[in-house]
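*Asks:* Protein sequences appear in the order of chains A and B. First residue of the first sequence? That's 176 in the working numbering, and the numbers climb one at a time after it. First residue of the second sequence? That's -16 in the working numbering, and the numbers climb one at a time after it.
Just so you know, the hints here were simulated from the structure itself, not pulled from any lab data. Treat the hints loosely; a few may be bogus.
Unchecked claim - What follows is a set of in silico ranges between Cβ atoms, one per label pair, in the way DEER data are often shown:
1) A:Ile362 x B:Ser281: 40 to 50 angstroms
2) B:Ile51 x A:Glu370: 37 to 47 angstroms
3) A:Phe273 x B:Asp85: 19 to 29 angstroms
4) B:Asp112 x A:Ala378: 26 to 36 angstroms
Claimed, not checked - Calculated Cβ distances over 12 angstroms to all of chain B for the following chain A residues:
5) Thr198
6) Thr269
7) His280
8) His283
9) Ala309
10) Val333
11) Trp334
12) Glu335
13) Met338
14) Ala340
15) Glu374
16) Ala378
Claimed, not checked - Now the stretches of chain B that chain A is said to cover, found in silico as 3 or more residues with beta-carbon under 8 angstroms:
17) 58 to 69
18) 130 to 138
Note that beta-carbon positions come from the ideal geometry of N, C-alpha and C, so glycine has one too.
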Amino acid sequence: MPMKYSKKELDKICIELRKDIVTMLNKAGSGHAGGSLGSVEILVSLYWNVIKHNPKNPEWEERDYFILSKGHVCPAWYAVLARRGYFSREELWTLRKFGSILQGHPHHLKTPGVEASTGSLGQGLSISNGIAMAMRFQNKPNRVYCLLGDGEVQEGAVWEAGMTAAHYKLDNICATIDRNMLQIDGITEEVMGLENLEEKWRAFNWHVINVDGHNVEELTKAYDEAMTVKGKPTMVIAKTVKGKGVSFIENQVDWHGKAPNDEEYKKAMAELEEAERRLG
Amino acid sequence: MGIVKEMHLVEDLHNVNSKPTRDGYGEALLILGETNPKVVVMDADLAKSTRTVWFREKFPEKFIDMGIAEQDMLATAGGLALGGMIPFCSTYGVFVAGRAWDQIRTTICYGEFNVKIGGMHGGISVGPDGATHQSLEEVPLMRVLPGMTVFSPTDAIEGRKVALFAAEHIGPTYIRYGREAVPIITTEETPFNPWKAEVYRTGDDVAIIAAGTLVYEGLLAAEELAKEGIEARVINCHTIKPMDIETIVNAAKECGAIVTAEEHSVIGGLGGAVAEVICQHYPVPMRIIGIEDRFGESGEPEELMKAFGMSAENIIKNVKEVLDMKE
Ligand SMILES: Cc1ncc(C[n+]2csc(CCOP(=O)(O)OP(=O)(O)O)c2C)c(N)n1
């Protein structure tokens, strides 16, 4: 399937979304900057090129499902949902505020387009399996997408879900691991080594695809490939840079759960605007 | 005073058949397999014990074996519910309410997903397997969760009615079942209203509010007490959450003293739930019978029930104590 949107169009959208994310976090005064900025291209590929959805009717029977298992990066998801028209962009500035439809971690009873409530890591892949099974019971073609963090994969329940998806040959599932090599306490390989991550998923009978997680073309191609895989779930391991797009946040462990203050916000916006100019 | 006819209980409390309440779960699932196309049954390698094996044999295409992976089972159930199915998750109480609590909390209850949980092996009467398998803590773990409905059926017939109702009810539901054969005291004709605590015996001196198999012991205790001129009201409180406040408060007002009895820890179970109602609406002297703050141990079910005070004698003793407090 060809890209519905060109790489240049999407790259521009990614920068716009990053500006939204730093603005949201600055206004909120808290939230997860690193993971949010790093997962933008993954979400954009899915929401612009891959998944079937209808922002005007989030419960559309024929929609594909997306589960954000790493719920803490919801600022990026909220920015995507707003830009796709699930709710007004003005709502973004209420993130984490009392009475907001945008909770600190995703809650599906509050936010249009959010399917399940996540934030306690290690549950989203199981939820995805359940949806995939339900679709199969009802002979429906809807597909299920799930985004996990690499640190999150240390949760044992993720591997239970890995076994389940493969055991039941859930080829209507395509999950992505945001492989940014960082978690809260440091580098994943130092905190609790995950390698060889690719071989682990292969050994669990998943179809595995490695991609550059900041290249929307590569990501889209991977998701297209997943649609052709029969009898197996697909895991896309997306190599990313945590904090991507803002130099002083990139690859910084300390920026995991932090929001930019006013000064940092200005610096970040200047960088992103400069990147936008360069893109033309 | 005496047994309420309209409850259509068994004729003779001293001549009753016995069956594990979990059989009621298995029977209900068989019915649901025929009648409700949305129902799917999940198990975590305990299908024989949870009685889901009966469903598996008849409806293999609607049975999902999850392997020994309770956390995965519960979050997957959330996804199944989101996708339009009604999953019944089945395993032992310890392994579901304990091991998978966070999945039940965040994915199922916070998300208001329509998931049913059959938690087996509640209580000390699990017997020789010992403390690891005797679940004495599920009630507070489940009832503290917003949106969760918690049932503790008294016998196999009621256990079946509860599970059938759970399939109709929209919302997370936990049903506490037991392993051992216990007296069947209700009949097909016994009314089952999920939101009502049923008065099985009238009396105005003291109210015995019980759940599970302790309802039977409560009825036996009331019979003995009547011989001494003490008229005890016996209430089957099969629905621990939401609690039928009206019936409980009426019992406090009209009887002036309450004894609760359950095969569960004395902390946070039926007793705790009744106390929360009583102390805020109509405080009266109260006693909570259950497993004192400790783990169970191995033994034959019957000897454990006696040793841990899960008996009519212990109820009688507590009734007398609470009556002393009353005046
Ligand atoms: C069950 C659970 N344990 C701990 C946390 C706290 N927590 C939030 S984010 C995070 C690190 C996640 O790391 P990773 O999955 O690599 O995400 P990323 O680095 O992409 O943000 C932790 C430990 C949580 N949300 N859930």
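*Asks:* All the hints need checking, so say for each whether the structure fits it.
*Replies:* Now for the hints, and whether the structure bears them out:
no., hint, verdict
1, A:Ile362 x B:Ser281: 40 to 50 angstroms, "holds (47 angstroms)"
2, B:Ile51 x A:Glu370: 37 to 47 angstroms, "violated (27 angstroms)"
3, A:Phe273 x B:Asp85: 19 to 29 angstroms, "holds (25 angstroms)"
4, B:Asp112 x A:Ala378: 26 to 36 angstroms, "holds (34 angstroms)"
5, Thr198, "holds (28 angstroms)"
6, Thr269, "holds (20 angstroms)"
7, His280, "violated (9 angstroms)"
8, His283, "violated (6 angstroms)"
9, Ala309, "violated (2 angstroms)"
10, Val333, "violated (9 angstroms)"
11, Trp334, "violated (9 angstroms)"
12, Glu335, "violated (4 angstroms)"
13, Met338, "violated (7 angstroms)"
14, Ala340, "violated (10 angstroms)"
15, Glu374, "holds (22 angstroms)"
16, Ala378, "holds (16 angstroms)"
17, 58 to 69, "holds (count 11)"
18, 130 to 138, "violated (count 0)"
Going down the numbered hints, you'll see the structure goes against 2, 7, 8, 9, 10, 11, 12, 13, 14 and 18, while the others check out.
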